Amino acid sequence: MVDLEKDLHALSESLINAAHNPNVNLALSRAVKSYRENVNKALTRFPHTVERAREVREMKLKALENLEFLYEKAAQSIEENHGRTYLAKDALHALKIVDEIVGTGKLIVKVKSMVGEEIGLREHLEQRGNTLWETDLGEFIQQLRNDRPMHILSPAIHIPREEVAKFFSAFFKKEIPPEIAAEVAAVREFMREKYFKADIGISGANIVAADTGSLFIIENEGNGRLATGAPPVHIVIVGLEKLVPTLDDAFKTAEVTWRYAQYTVPSYVNIISGPSKTGDIEKVTTYGAHGPKELHVIFLDNGRLELSKNETFKEALLCLRCGGCLYECPVFSLTAGHYGYKYLGGIGAIWTAFIAGGLDKAAPLAYVCLRCGRCQERCPMQIDVPRMTVALRQLLTGNHLG
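For what it's worth, UniProt numbering labels the leading residue of the sequence shown as 1, then goes sequentially.
The hints are simulated quantities; they were obtained by calculation from the structure and are not laboratory data.
This structure is a prediction, so every number in the text was calculated from the model and none was measured.
It cannot be assumed that every hint is accurate.
Across the chosen pairs, the derived CB separations fall in these ranges [as the list claims (entries may be wrong)]: (1) Leu370 x Pro177: 31 to 41 Å; (2) Asn66 x Thr312: 14 to 24 Å; (3) Glu68 x Thr131: 46 to 56 Å; (4) Lys96 x Phe167: 28 to 38 Å; (5) Ala289 x Asn17: 47 to 57 Å; (6) Glu51 x Gly120: 15 to 25 Å; (7) Gln382 x Lys283: 45 to 55 Å.
Every residue gets a Cβ at the ideal spot worked out from N, C-alpha and C, and that includes glycine.
Starting from the given sequences, assemble the full structure and let the hints guide the process.
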């Protein structure tokens, strides 16, 4: 039996503690200021992005009506490209598929992925006797702290450089100064050999083009390129909502995603359509050249197909994971990921209800949202979180959870 009053009290305590934590305040104030400056510069330099976002919204709404068809098309394309595809009905099914590919005793390098958080991937693989390293800098910090991501793009957004230096000095067993460049260099040195010794690389994908089977991974650190290119086996776990009809649609979606994630252009846009190959000898195509010998793509349903048919809440599936709404949220900007379960903020309450957690986990989150609308103003997809929050509260009340 869910005790909403107890859960709300616990969440309130967590939020209040975070809001009064000077380290959280310092880190978040720096991050929010930087984000707003950078995204405004990006949109000023490339003003067409706003109209392109409207175009992408309409395209993705139509795609949601045809997810099963797009999955079949993408799976066929990837298989024709000599990749393997799977459809996982839920989190447990996805983990079972991963187990069959990975086994035990493997060294794994992982790229930041919210789907990985959704299904509890790292914890599961470690329990199975594997060694897994988070290669994204923020995820690596959180892994060392044994904590979850506090932002979908900047997992350690709430930790100032001074605190990072303390954790790194203890872990690396040498003095790391509270200088960001020095902290980055320490992780680069530690992680470098891991990419080339790893048995398996695991990533998500920002977008999947159904017509070509191409997977887009947008990044800046270079860890995505190394983790998906160096190990002999690459596993991709991606939600069905990331499917778009064509390669052209994927490029448009990618541009909108990185602009609203605050970048004029990212350092890397990795497009992966199959395992590595060469045709340099007698023009005979041979798979397994310098990159992975195997590509496994696991498409995750976990409630997405059902949600895509829900007229009240399906708009939540438009989310590009740019993270812009979180920087604008007055609650999140004080508390970081303490306002959330696996998915964060107001949009996270909807995702928690239908994808990752259930109504009982979503209940306290739904009543934290102020319905101020600042998230919708920033969102490139104009997702109406305030409207859905009201509908979610009504649903919770009908289920005696509100």
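For each hint, the structure was consulted:
no., hint, result
1, Leu370 x Pro177: 31 to 41 Å, "holds, 39 Å"
2, Asn66 x Thr312: 14 to 24 Å, "holds, 20 Å"
3, Glu68 x Thr131: 46 to 56 Å, "violated, 37 Å"
4, Lys96 x Phe167: 28 to 38 Å, "holds, 34 Å"
5, Ala289 x Asn17: 47 to 57 Å, "holds, 52 Å"
6, Glu51 x Gly120: 15 to 25 Å, "violated, 39 Å"
7, Gln382 x Lys283: 45 to 55 Å, "holds, 49 Å"
The structure shown violates the earlier hints numbered 3 and 6.
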